[in-house]
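There are 2 protein chains.
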Amino acid sequence: MALVVQKYGGSSVADASCIKRVAQRIVATKKAGNDVVVIVSAMGDTTDELLDLAEQVSPLPPGRELDMLLTSGERISMALLAMAIANLGHEARSFTGSQAGVITDSTHGKARIIDVTPSRIREAIDQGHIAIVAGFQGVSQDTKDITTLGRGGSDTTAVALAAALEADVCEIYSDVDGIFTADPRIVPAARKIPRISYDEMMEMAACGAKILHLRCVEYARRFDLPIHVRSSFGTREGTWVVSDPYTEGTEMEQPIISGVAHDRSEAKITVVGVPDKVGEAASIFKTLADAGINIDMIVQNVSAAATGRTDISFTLPTADSSTALTALKRIQGEIAYESLLFDDQIGKVSLIGAGMRSHPGVTATFFAALADAGVNIEMISTSEIRISVIVEQDGVDAAVAAAHRAFDLDADQVEAVVYGGSGR
Amino acid sequence: MALVVQKYGGSSVADASCIKRVAQRIVATKKAGNDVVVIVSAMGDTTDELLDLAEQVSPLPPGRELDMLLTSGERISMALLAMAIANLGHEARSFTGSQAGVITDSTHGKARIIDVTPSRIREAIDQGHIAIVAGFQGVSQDTKDITTLGRGGSDTTAVALAAALEADVCEIYSDVDGIFTADPRIVPAARKIPRISYDEMMEMAACGAKILHLRCVEYARRFDLPIHVRSSFGTREGTWVVSDPYTEGTEMEQPIISGVAHDRSEAKITVVGVPDKVGEAASIFKTLADAGINIDMIVQNVSAAATGRTDISFTLPTADSSTALTALKRIQGEIAYESLLFDDQIGKVSLIGAGMRSHPGVTATFFAALADAGVNIEMISTSEIRISVIVEQDGVDAAVAAAHRAFDLDADQVEAVVYGGSGR
Chain A
1 MALVVQKYGG SSVADASCIK RVAQRIVATK KAGNDVVVIV SAMGDTTDEL LDLAEQVSPL
61 PPGRELDMLL TSGERISMAL LAMAIANLGH EARSFTGSQA GVITDSTHGK ARIIDVTPSR
121 IREAIDQGHI AIVAGFQGVS QDTKDITTLG RGGSDTTAVA LAAALEADVC EIYSDVDGIF
181 TADPRIVPAA RKIPRISYDE MMEMAACGAK ILHLRCVEYA RRFDLPIHVR SSFGTREGTW
241 VVSDPYTEGT EMEQPIISGV AHDRSEAKIT VVGVPDKVGE AASIFKTLAD AGINIDMIVQ
301 NVSAAATGRT DISFTLPTAD SSTALTALKR IQGEIAYESL LFDDQIGKVS LIGAGMRSHP
361 GVTATFFAAL ADAGVNIEMI STSEIRISVI VEQDGVDAAV AAAHRAFDLD ADQVEAVVYG
421 GSGR
Chain B
1 MALVVQKYGG SSVADASCIK RVAQRIVATK KAGNDVVVIV SAMGDTTDEL LDLAEQVSPL
61 PPGRELDMLL TSGERISMAL LAMAIANLGH EARSFTGSQA GVITDSTHGK ARIIDVTPSR
121 IREAIDQGHI AIVAGFQGVS QDTKDITTLG RGGSDTTAVA LAAALEADVC EIYSDVDGIF
181 TADPRIVPAA RKIPRISYDE MMEMAACGAK ILHLRCVEYA RRFDLPIHVR SSFGTREGTW
241 VVSDPYTEGT EMEQPIISGV AHDRSEAKIT VVGVPDKVGE AASIFKTLAD AGINIDMIVQ
301 NVSAAATGRT DISFTLPTAD SSTALTALKR IQGEIAYESL LFDDQIGKVS LIGAGMRSHP
361 GVTATFFAAL ADAGVNIEMI STSEIRISVI VEQDGVDAAV AAAHRAFDLD ADQVEAVVYG
421 GSGR
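Heads up: the sequence lines are chains A and B, in that order.
Read left to right, the first sequence gives residues 1 to 424 (UniProt numbering).
Read left to right, the second sequence gives residues 1 to 424 (UniProt numbering).
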């Protein structure tokens, strides 16, 4: 008998009939002899509707109250799901994040999980019940206030609870069949990846693949918890995210490249004519950090000897652009840079693959493919298992397709039909 | 500095603009130098919408999960209200029933409050914050599960918290100006009652006046807590419900009759031809009690000597009729009664007034007024401060108007404009 943790996103519980279908899947898992713990997101657009209500009442609602408001979303879906399961003749008990022992810090809106003490969940399982837990939410250790975990929060709840309960697997359900070698909307020949390592999955998540959130994969890696990403609209195997995907009974040799990810949500800012003195770059990035902005890639040109000045370019989430530009304007007097350039018509294309460590020439092949496709490279960043380039946004599709083909990722047959977000 | 507890019903927080108006009223109370604790119901039709969702998922949802679902309603309204107050520059903190220390038994759907331990509320007040508390909900002492208090639950939360906090007053806001001598829709000359005793208010509530629920008045009487029933759509004084309304600085002599209440929600069942033996009536009412039915009035005719049989009539909530009839059919063999009669076209008209104790002839005046109005009396029931009669439903309006006039309750000018339910 295994302990299976399942997480269903908002699209899987969008309405009453979706909830009933999910209930049947849960009961089938239970009937197959497993203990089942289910983490559920808010129904469909509930969160957006609640945010809309908040906006009607206050332009800048306090984080504590916004969390109190938003957590009602999972309360509704989890209670309905428990009812639907009861209707099929099985005992289900729903628990809020607080009741499930999800203990967090006090950072409302993006709290971090500090500890998970799932005694009530364990008790429910021991009594033969199916436990339904609200995703995305917890309770602050210090203030006992309700908190939310931010983007991808329900996935993180699922993995954290699965780790605390020492579950055998954490299944993440959405409307997508698994992790693909590229977005099938761009590359129709993209293939579903049967197994992928935590490291590669983290790079994929960080580079724009939206199926799993980075935090949840980090958490799973720390506890060596297998994640199975699959669709709630079918029964096919999805993608397994594990520590070492190529030694556990699979015959395949490790591929050089696991997949091609892309991201259109970033913008580029260039600080032009920064005096080439020690500490100037540091104060630019300190200013941005103080403004709470996460920088992605950074490029600094060699200083032009004649002028003693240099240009610094970096990418950041487009949504943070105006905050960043305002913060940089404020220090123009202090730093004495010449001007700011802003470009939100960019895209990032990333090759991810643990196999590239042992294969020289990956960069050359990648860049040649982009050149053949007529795509110009604006910025480059690399890690052990990833190469990312910034290109103009109109070139993203061509770049992804060219890279996919160059590394022999194209399937013989088109396999995927849907590819989209995974809710929260 | 006083401690004021305010309760706002669903119609007072129906949408964003209502919530903002309520926030202004709360802040005004705070600015006037009071500590303020607010109990809030779910917005407008939220509860009905949630019930509708539950019905789509399951015909008979478990009580525990239904309570989990319904309590999300107050969570939404209280968070929004706290945001609206923050927007006006005051600190507000929202608390669930559980966080506010509302401890109940485990009867889901109609839990009774066992204890109130409002340490977090007191802490919030001590810090100068406005505390917003979810009405209608608590947490079970034994199972730690979320419970709801049933009909009139938010009023009960308000009074229970006010008592535990030793508040100076509990203000119950709705869309009605206060308690009236009769329903102004039936008697346009009805007057707002400035002060009324707990006992009279309990009889009024039990006899169909929907402004305050019986449980909440019982609770207030036990703790001698003044209730002020008023409208959230104006600033006029409403009705004070207190222990002794006629000695505290009012010049008025105690009126004979405080008001005329009516109720169209009951039906009458007659068990015809019950053998006139010891214990037959007892087993009829035991059967009904076992079926969970609350009986209101009972009349038994004197046994007809010739037949040795008698008829027993009683009234009950119309909604419980089919359950009651089914239960009675089941024992027909055992009791050997002849038949059942059912009539849901009845109404109850009640005179309430602590003054009738010292005024003989009230019954005579009441019955004469009904006779003059051409209304036939079917059943009669009395208490120290109340006389109720069952009449045919079409005669209710005429009976109420005639009684109101006979006891000089008509105002010189029409005062009331709205009269309706008070939410939950």
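In case anyone wonders, no lab produced these hints; they're calculated from the structure.
Among these hints, one or two may not hold up.
List time: in silico DSSO-like cross-link candidates among lysine-lysine, alpha-carbon distance up to 30 Å [stated by the list, open to error]:
1) B:31 with A:144
2) A:192 with A:144
3) B:192 with B:20
4) B:192 with A:110
5) B:30 with A:144
Chain A regions said to be covered by chain B (calculated; three or more residues, Cβ under 8 Å) [to be verified]:
6) 47 to 54
7) 62 to 69
8) 121 to 128
9) 136 to 143
10) 199 to 212
Note that beta-carbon positions come from the ideal geometry of N, C-alpha and C, so glycine has one too.
Going through the hints against the structure:
Straight-line distance between C-alpha atoms of residue 31 of chain B and residue 144 of chain A comes to about 28 Å, which keeps the hinted pair within the 30 Å bound. Distance check on the hinted pair: residue 192 of chain A and residue 144 of chain A sit about 43 Å apart at the alpha-carbon level, beyond 30 Å; violated. Distance check on the hinted pair: residue 192 of chain B and residue 20 of chain B sit about 28 Å apart at the alpha-carbon level, within 30 Å; holds. At roughly 51 Å between alpha-carbon atoms, residue 192 of chain B and residue 110 of chain A are farther apart than 30 Å, so this suggested pair is violated.
Distance hint between residue 30 of chain B and residue 144 of chain A is fulfilled; the C-alpha atoms sit about 25 Å from each other, no more than 30 Å. Beta-carbon proximity to chain B at under 8 Å applies to 3 residues in the stretch 47 to 54 of chain A; the threshold of 3 is reached and the given coverage holds. Closer than 8 Å: that is the beta-carbon criterion, and the stretch 62 to 69 of chain A has 6 residues meeting it against chain B, so the requirement of 3 holds. Residues of the stretch 121 to 128 of chain A with a Cβ under 8 Å from some Cβ of chain B number 0, which does not satisfy the need for three, so the listed coverage is violated.
Closer than 8 Å: that is the beta-carbon criterion, and the stretch 136 to 143 of chain A has 0 residues meeting it against chain B, so the requirement of 3 is violated. Given a C-beta distance limit of less than 8 Å, the hint that chain B covers the stretch 199 to 212 of chain A is violated, as 0 residues qualify and 3 are needed.
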